[in-house]
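**Student:** Make a model of the complete structure from these sequences and hints.
Protein chains in written order, with this note's numbering: chain A, 1 to 366; chain B, 1001 to 1220.
None of these hints come from the bench; they were simulated from the model. Using N, Cα and C, we set each Cβ at its ideal position, and we do this for glycine too. Take the hints with a grain of salt, since some may be wrong.
Far from chain A, by Cβ distances over 10 Å, these chain B residues were calculated [claimed, not checked]:
(1) I1021
(2) G1025
(3) R1029
(4) M1068
(5) S1071
(6) N1074
(7) V1076
(8) A1077
(9) I1083
(10) T1112
(11) V1138
(12) T1194
(13) A1213
What the simulated footprint calls covered on chain A by chain B, stretch by stretch (three residues with Cβ under 8 Å from a Cβ of chain B suffice, anywhere in the stretch; the number is not a length) [what the hints assert, rightly or not]:
(14) 180 to 191
(15) 233 to 242
(16) 318 to 325
(17) 336 to 347
(18) 351 to 362
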Amino acid sequence: MSKGETLGEALRRQGITRRGFLKFCAATASMMALPPSMVPAIAAALEKAMRPSVIWLSFQECTGCTESLTRSHSPTVEGLIFDTISLDYHHTLQAASGAAAEAAREAAMEENYGKYILVVDGSIPIANPGYSTIAGISNESMLRDTAKGAAAIVSVGTCAAYGGIPKAKPNPTGAVAVSDIIKDKPIINVPGCPPIPVVITGVLAHFLTFGSIPELDALGRPKAYYGQSIHDRCYRRPFYDKGLFANTFDDEGAKKGWCLYKLGCKGPTTYNACATTKWNEGISFPIEAGHPCLGCSEPGFWDGGGFYKALSMPTEDITEAAVYAVGAGAAAGVALGTINRATKARATKAHEKVTINDLEKVADDD
Amino acid sequence: MTETELLLWVRGPGLQIATVIFLLGIVVRLAEILMLGRKKNLAEARGSAVAGGLRTILTRSIPDPGTMKRSTFNVVAGYIFHIGLFITLLFFAPHILLFEDVLGISWPALPTPVIDAVTVVTIIALLAVLIHRLRHPVMRFLSGFEDYLVWLVTILPLVTGYLAFHRVGIAPPPTLIAIHILSVELLMVVFPFTKLMHTFSLFMARYYNGAIAGYKGVNS
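**Tutor:** Here is the structure:
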């Protein structure tokens, strides 16, 4: 895509039909929970949108987020839209390396100052900057430096959004989320381990269409994609409601596709679009494949008390504590009972009988 | 503390602390009551104390016609919320998993829409008994701080459980569940030191009454 070309022109040049483009707009509108009347507006806006410059910074991450985007969708409209943005810096995907790559980043920042979108995946180590550097620059200083001229920041993946796996106990690198460092820029969190590709492209499409960030929930996630829990949209939900559960991964319940709550499913506390948009072009999602939800789009999911422990189960041994409590209670109860008896015996012993003469004496004294 | 950490705390150390206070308190109080002992009855037995005691445990569970007629509301609303509490506590699938984890035994769950409906009915019954308590001059006069505290810690788990189940958007879902568990832990901590102890002492009291009468050869 040459400079100055609009998104519509670029798409047509790559052989995307008007029909295909409108289908993408309609899908985007429905995913963002916008009324159908907004489809033409989205189409018009995207058609005219100038290619935005995107700088993608990868910090403490596993490249899973990039894999999710690039591998799971063989050329689709979403994929091309993504190609069509000007991805000016992405050290996994770009051809340049070393000083040339950094020069590309600096050039993009200068050229589009105040307008570029900054995408970040991975967490930032603050315990020691040496834990993760790029071209000798610490993650923290590169983030602060690049964030300055960004129009908005998209934290892709749970690591960038909430610290993710690097932040899991005992957090040896002192990993933090983007939002822990950058406070003065709009940040859109697109968590997931990895996030659904269409959610990332959808967020970018929203930004291109409206020039603003989508409506976010309390955790900074776009409500359009993270507005409902996995549990509420799960196709296995009727089994939960009927009390039909898989007890192991190969029992009758598992084979019949019953609810995976007992196997530790975090669906009830996890907000994501997995159950609706699904993965691999809408083929399936973890629960459909027979595995409970890990809750990967929630903060601290790695330390959530065990992936295979049901949400309502205690995370510590309660039985042992209960046995000790009953034992200690019995001992204390018997001791108190004995003291009570002794007190009573003393009172009985000290009891002096009152005679009628005593009472008369008291009456005389008055 | 993040919402996940809070949930982890209430599911772990929080529950441990609450369980220890709950059981320790109950056992201490029951032991104290049992150690009060009874004076030896020198009168000749006219019937079986044990049979009378056991019979009374059973018969006192059914309201006698006189009480039913005099305070219909208390009996009906009282039964509704007690039965509702037991159903929601013992037959909701996630609760059974908790018992299974701690006690090692399990039983079938009721469908969630049934639990949901029972919860609503129980909350309504509990609200009704509070209104009745406030409006009835005698009951109001007899009620103190403890009575209202006990009512509050009883209704809180139901309300918070309902909010958590429906994920009402006042807080993130892990926080809602954490608040629900916390409310149960509050109930457990308050339990041994308040009138809530009747859950355990009531059968002893009934047996005691029945046994006295049984020994004398009369029905209690």
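**Student:** Now, for every hint given, state plainly whether the structure supports it.
**Tutor:** So, going through the hints one by one against the coordinates:
1. A Cβ of chain A approaches the Cβ of I1021(B) within 10 Å, the least distance being about 8 Å, so the stated non-interface status is violated.
2. Against the 10 Å criterion, G1025(B) falls within the reach of chain A, whose nearest CB is about 7 Å from its own CB.
3. A cut-off of 10 Å between C-beta atoms contradicts the statement that R1029(B) is not in contact with chain A; the least separation is 7 Å.
4. M1068(B), annotated as away from the interface, keeps every beta carbon of chain A farther than 10 Å; the closest lies near 35 Å.
5. No Cβ of chain A comes within 10 Å of the Cβ of S1071(B); the nearest lies about 35 Å off, and the non-interface call holds.
6. For N1074(B), the non-interface assignment is confirmed: its Cβ lies about 33 Å from the closest Cβ of chain A, beyond the 10 Å cut-off.
7. Listed as outside the interface, V1076(B) is consistent with that label: its C-beta sits roughly 29 Å from the nearest C-beta of chain A, beyond the 10 Å cut-off.
8. In this structure A1077(B) is separated from chain A by more than 10 Å, as the shortest Cβ-Cβ distance comes to about 28 Å.
9. At roughly 19 Å from the closest C-beta of chain A, the C-beta of I1083(B) stays outside 10 Å, upholding its exclusion from the interface.
10. For T1112(B), the non-interface assignment is contradicted: its Cβ lies about 4 Å from the closest Cβ of chain A, within the 10 Å cut-off.
11. Even its closest Cβ contact with chain A, about 33 Å, leaves V1138(B) beyond 10 Å, as expected for a residue assigned away from the interface.
12. Distance to chain A confirms T1194(B) as a non-interface residue, since its nearest Cβ pair spans about 17 Å, more than 10 Å.
13. A cut-off of 10 Å between C-beta atoms confirms that A1213(B) is not in contact with chain A; the least separation is 26 Å.
14. Coverage of the region 180 to 191 of chain A by chain B is violated. Counting CB-CB distances below 8 Å, 0 residues qualify, and the rule asks for three or more.
15. Interface restraint, the region 233 to 242 of chain A with chain B: holds (3 residues with C-beta to C-beta distance below 8 Å; minimum three).
16. Only residues whose beta carbon comes within less than 8 Å of a beta carbon in chain B count, and the region 318 to 325 of chain A has 6; three or more means the coverage holds.
17. Counting residues of the region 336 to 347 of chain A whose CB lies closer than 8 Å to any CB of chain B gives 5, so the stated coverage by that chain holds, three being the minimum.
18. Counting residues of the region 351 to 362 of chain A whose C-beta lies closer than 8 Å to any C-beta of chain B gives 0; at least three are required, and the coverage claim is violated.
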